[in-house]
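Chemist: Residue numbers (our numbering), protein chains in the order written: chain A, 1 to 98; chain B, 1 to 123.
Simulated from the structure, these hints should not be mistaken for lab results.
Since this is a predicted model, take the numbers as computed values, not measurements.
Backbone N, C-alpha and C fix where the C-beta goes; we use that ideal spot for every residue, glycine too.
Hints should not be assumed to be uniformly reliable.
Stated by the list, open to error - Partial pick of chain B residues on the chain A-facing surface, computed with a CB cut under 8 Å:
#1 Arg-17
#2 Val-48
#3 Gly-49
#4 Leu-56
#5 Leu-75
#6 Thr-109
#7 Ala-113
#8 Leu-116
#9 His-117
#10 Arg-118
#11 Gln-119
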Amino acid sequence: MKRILHLIHRDPLAAGDLAACRRVCRPGDGVLLSGAAVSAALAGPNSEALEPGITWYVLSSDLALYGLGARILQKTVDSVDYPGFVDLVCEYDLCQSW
Amino acid sequence: MASPASSTRRRALVLMRDPPHAGIRPRERLDLILMALAFELEVSVAFVGAGVLQLLPRSGPGDPLPDSGAALGSLELYGVSGIYADAEALCAYGIEVDALRVPATALETEELAALLHRQDLLL
Numbered sequence: 001m002k003r004i005l006h007l008i009h010r011d012p013l014a015a016g017d018l019a020a021c022r023r024v025c026r027p028g029d030g031v032l033l034s035g036a037a038v039s040a041a042l043a044g045p046n047s048e049a050l051e052p053g054i055t056w057y058v059l060s061s062d063l064a065l066y067g068l069g070a071r072i073l074q075k076t077v078d079s080v081d082y083p084g085f086v087d088l089v090c091e092y093d094l095c096q097s098w
Numbered sequence: 001m002a003s004p005a006s007s008t009r010r011r012a013l014v015l016m017r018d019p020p021h022a023g024i025r026p027r028e029r030l031d032l033i034l035m036a037l038a039f040e041l042e043v044s045v046a047f048v049g050a051g052v053l054q055l056l057p058r059s060g061p062g063d064p065l066p067d068s069g070a071a072l073g074s075l076e077l078y079g080v081s082g083i084y085a086d087a088e089a090l091c092a093y094g095i096e097v098d099a100l101r102v103p104a105t106a107l108e109t110e111e112l113a114a115l116l117h118r119q120d121l122l123l
């Protein structure tokens, strides 16, 4: 099965992108959170458990942009910069922008 | 429908997730479908979430907005190889498959996930 990198950039609380993505996300896939979606990467009482088998990434510059750079991320989230973003796009078979 | 040469063409899937009247987005996605067809991709279209509402026949004389969804009826004519609808969303909105204005195949979530994962391009 091909591996998809899912790109999510809208606020998970306001838009249904993350929920829609999770329905079709399968082990081996990755999810990159950028823009307002970076909040989903944070650890905290409201944080949703992130599915195992799926690799979660967050764009570090957007965390900083939203004033969340100093917050603690969920353990299973990898922080990536823009060159890392480009590498991920090349690494996965497909990209889906939600 | 798919031509005999379709197996050699790259497979592309366009996801339609916006309800009708969601600004210009549904229309832009329609443009994207036609553009992908012009590049000789084997194009399928999946209506998911609120996007399934685009598949409902609409309107009467009171509809103030042009019905961009009318163009969906010609997708097959243009050579779109598959039109799919999210079964879970159809159920959530209480829509029967035969009430749709376009003959679409209803897909359960697992089938929808498999459809995404076997494409060459996601648009």
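Chemist: Okay, which hints does this one fail, numbers in order?
Modeler: 4, 5
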